[in-house]
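There are 2 protein chains.
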Amino acid sequence: MSSLSLFLMTTDILERFYGVIPAGGVGTRLWPLSRAAAPKFLHDLTGSGSTLIRATYDRLSPLAGERIMVVTGTAHRAAVCEQLPEISDANLVLESEPKDSAAAIGLAAAILHRRDPETIMGSFAADQVVGPLEVFLEAVREAVVTAATGKIVTIGIRPTLPSTGFGYIRQGGRLGIEGAPSATDVAEFVEKPSEEVARRYVASGDYLWNAGMFVAPTSLMLQHLEANEPALYAGLCEIADAWDGPERDQVAARVWPTLPKIAIDYAVAEPAAAAGDVAMVPGTFTWDDVGDFAALGRLNPAAENSKLKVIGEGARVYSDNASGVVVSDSKRVIALIGIDDVVVVDTPDALLVTTQEHAQQVKQAVEALKASGAVDVL
Amino acid sequence: MSSLSLFLMTTDILERFYGVIPAGGVGTRLWPLSRAAAPKFLHDLTGSGSTLIRATYDRLSPLAGERIMVVTGTAHRAAVCEQLPEISDANLVLESEPKDSAAAIGLAAAILHRRDPETIMGSFAADQVVGPLEVFLEAVREAVVTAATGKIVTIGIRPTLPSTGFGYIRQGGRLGIEGAPSATDVAEFVEKPSEEVARRYVASGDYLWNAGMFVAPTSLMLQHLEANEPALYAGLCEIADAWDGPERDQVAARVWPTLPKIAIDYAVAEPAAAAGDVAMVPGTFTWDDVGDFAALGRLNPAAENSKLKVIGEGARVYSDNASGVVVSDSKRVIALIGIDDVVVVDTPDALLVTTQEHAQQVKQAVEALKASGAVDVL
Numbered sequence: 001m002s003s004l005s006l007f008l009m010t011t012d013i014l015e016r017f018y019g020v021i022p023a024g025g026v027g028t029r030l031w032p033l034s035r036a037a038a039p040k041f042l043h044d045l046t047g048s049g050s051t052l053i054r055a056t057y058d059r060l061s062p063l064a065g066e067r068i069m070v071v072t073g074t075a076h077r078a079a080v081c082e083q084l085p086e087i088s089d090a091n092l093v094l095e096s097e098p099k100d101s102a103a104a105i106g107l108a109a110a111i112l113h114r115r116d117p118e119t120i121m122g123s124f125a126a127d128q129v130v131g132p133l134e135v136f137l138e139a140v141r142e143a144v145v146t147a148a149t150g151k152i153v154t155i156g157i158r159p160t161l162p163s164t165g166f167g168y169i170r171q172g173g174r175l176g177i178e179g180a181p182s183a184t185d186v187a188e189f190v191e192k193p194s195e196e197v198a199r200r201y202v203a204s205g206d207y208l209w210n211a212g213m214f215v216a217p218t219s220l221m222l223q224h225l226e227a228n229e230p231a232l233y234a235g236l237c238e239i240a241d242a243w244d245g246p247e248r249d250q251v252a253a254r255v256w257p258t259l260p261k262i263a264i265d266y267a268v269a270e271p272a273a274a275a276g277d278v279a280m281v282p283g284t285f286t287w288d289d290v291g292d293f294a295a296l297g298r299l300n301p302a303a304e305n306s307k308l309k310v311i312g313e314g315a316r317v318y319s320d321n322a323s324g325v326v327v328s329d330s331k332r333v334i335a336l337i338g339i340d341d342v343v344v345v346d347t348p349d350a351l352l353v354t355t356q357e358h359a360q361q362v363k364q365a366v367e368a369l370k371a372s373g374a375v376d377v378l
Numbered sequence: 001m002s003s004l005s006l007f008l009m010t011t012d013i014l015e016r017f018y019g020v021i022p023a024g025g026v027g028t029r030l031w032p033l034s035r036a037a038a039p040k041f042l043h044d045l046t047g048s049g050s051t052l053i054r055a056t057y058d059r060l061s062p063l064a065g066e067r068i069m070v071v072t073g074t075a076h077r078a079a080v081c082e083q084l085p086e087i088s089d090a091n092l093v094l095e096s097e098p099k100d101s102a103a104a105i106g107l108a109a110a111i112l113h114r115r116d117p118e119t120i121m122g123s124f125a126a127d128q129v130v131g132p133l134e135v136f137l138e139a140v141r142e143a144v145v146t147a148a149t150g151k152i153v154t155i156g157i158r159p160t161l162p163s164t165g166f167g168y169i170r171q172g173g174r175l176g177i178e179g180a181p182s183a184t185d186v187a188e189f190v191e192k193p194s195e196e197v198a199r200r201y202v203a204s205g206d207y208l209w210n211a212g213m214f215v216a217p218t219s220l221m222l223q224h225l226e227a228n229e230p231a232l233y234a235g236l237c238e239i240a241d242a243w244d245g246p247e248r249d250q251v252a253a254r255v256w257p258t259l260p261k262i263a264i265d266y267a268v269a270e271p272a273a274a275a276g277d278v279a280m281v282p283g284t285f286t287w288d289d290v291g292d293f294a295a296l297g298r299l300n301p302a303a304e305n306s307k308l309k310v311i312g313e314g315a316r317v318y319s320d321n322a323s324g325v326v327v328s329d330s331k332r333v334i335a336l337i338g339i340d341d342v343v344v345v346d347t348p349d350a351l352l353v354t355t356q357e358h359a360q361q362v363k364q365a366v367e368a369l370k371a372s373g374a375v376d377v378l
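Taken in sequence, the protein lines are chains V and A. Here UniProt numbering is used: position 316 in the first sequence is 316, and no number is missing along the way. Here UniProt numbering is used: position 272 in the second sequence is 272, and no number is missing along the way.
Think of the hints as simulated: they come from the structure by calculation, not from any bench. Some clues are possibly wrong.
As the list claims (entries may be wrong) - Heads up, simulated DSS-like pairs for lysine-lysine below, C-alpha to C-alpha not over 25 angstroms straight-line: (1) A:K331 - V:K370; (2) V:K307 - A:K192; (3) V:K331 - A:K363; (4) V:K331 - A:K370.
Bound-form chain V, shown alone (with noise of 0.2 angstroms):
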């Protein structure tokens, strides 16, 4: 095939492309920051002026335009619009309880599919960090042109230590096609491992990060929901029919709660990946899905002669020998004295002390909490 020609059909296949948000995740581990009623993908994490939330529709737009979706909790829904000021009531999907990634994003693909069946969509969670914006654009049109050839495509991302905290995807073979020279078969996703075999995995240069980014045509996650969850793609499509006319509410009322929870890991990606139906492109953008307060001060520059990383418009921060991170969302004076790898998040309500080698016990803390009736700081 000509270059001209290579170009002009990827150019059609793209044109297919729309882009799903969901914007669900509490982010429990980044509380008191983020909590219910202000969940991560509300904050800006990095010091950027954006909004993770804001900053995905932004890395979106450039290949999607405002062909993009978001899946969020009708508690968000001011939130979010207020966020995305350009995002048309079509394009955002209300959930009026949580019911995990493989109902929000099969509920996308149904809606999108009778909208248009030869779409192909692409989701990305609306509070991850990625950059630069040229290498994640890449990897997503390889992704959108594998697709088009009948896959389910995963990016995954080329790890840069042995992290426990995700899963991992063994990469196959080259796939060899035109216009997504990258592409490769999947030989297998695997759960989060040990450190030990997370060391083996990131040494063998084969495993690469799940981080739960998929581009695959709407008619081939429908129809791996079909054969994996028959009762949850019945209901989807229920909802999915009304969605665009007159019953819209008062089905998606009935059916939405009556839904099973299930990841979309488990109802769509593994079981096609064992029929052979997914591709993986690889990443090498930087990627964090800022999992914890570790995360955001390895996100986050520290300032000039000091080892404390500071978060927080207009913080007021003193610092005598003390390193760490500190999230300021209150615009109180906070002093920090001869204290190391010190996690300290103030908020109006709720503050927080550990450590960084702690903060993933801060998911404990906040089920502790909601234990013991203080859910007024949750």
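Could you slot chain A onto chain V? The hints should help.
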């Protein structure tokens, strides 16, 4: 002397006793709990239910009744009157600006001396923690009896650790005063020692902490003040002469700002000791000047099954594997995870995070905040 006549003599002497409570220091090392507008003596730092100044007053009243004078800043008038509703206007001496302890205690001495030249005054700082009451009162009784023989009497504290934060008093020979069997001479006052020297002091058994508690005839206090600080003495006399008349405010406003700042130790105690006019009564009660947050940790019990001391009414603290001190002066939820020997002080407009080891350095932080213009939280 028969024990009856000793009792009668002692009773006569004790009727000359007048308590004086200098309530001056801000307690900078207890920032942000203690600050200019709410100094240390206005806080309940031991969970007793009483502020330190109220507890100091209650400790003296079994001996002094309402013969207790308070010297404090004009800014604290309302707060002190709220704490001590029984105090008369005659017994509340207000300083328009801080002039150190010689001026504060010297003015009390000069006023009381004019009211009754037989007065034996006892000066006890408003921000110390002392117990048990009976042991304290017995030491004060002995000090008053000793003072009546023509001595300035300091109550030395039997040291419980080789502190480098206090001055020490070297004990001389027993004085053999009837009714004051434990009174001794003072060999010398010594400045805050190095840790090695402090260890030697404590091991020797001859050195006691200088807690700044003085009991003395007002006449003798004023005599030494006149000899050592004639300008200060003259100014204090001018104010005291006008104090109980219509010119009080006018004279005080004119003279007080001109007075030299000097500590009572240098202006009276040390030169008087050199002249052989100072005696000591050892105090075997427990004593703490609550000098920093590490002291606050020592003075408060941890909750059951916890290594964390929590101070503050209605504190909402969640801790997981944390030890140290939390002072909650706000209604916020505070979560501490996996952090040891931490000090967290949470107030509505300022937060301190440090360690018990670095508790003394809070003073420098306050100075730095002052220099940076953050005076709203000081």
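For each hint, the structure was consulted:
| no. | hint | result |
| --- | --- | --- |
| 1 | A:K331 - V:K370 | holds (17 angstroms) |
| 2 | V:K307 - A:K192 | violated (34 angstroms) |
| 3 | V:K331 - A:K363 | holds (22 angstroms) |
| 4 | V:K331 - A:K370 | holds (17 angstroms) |
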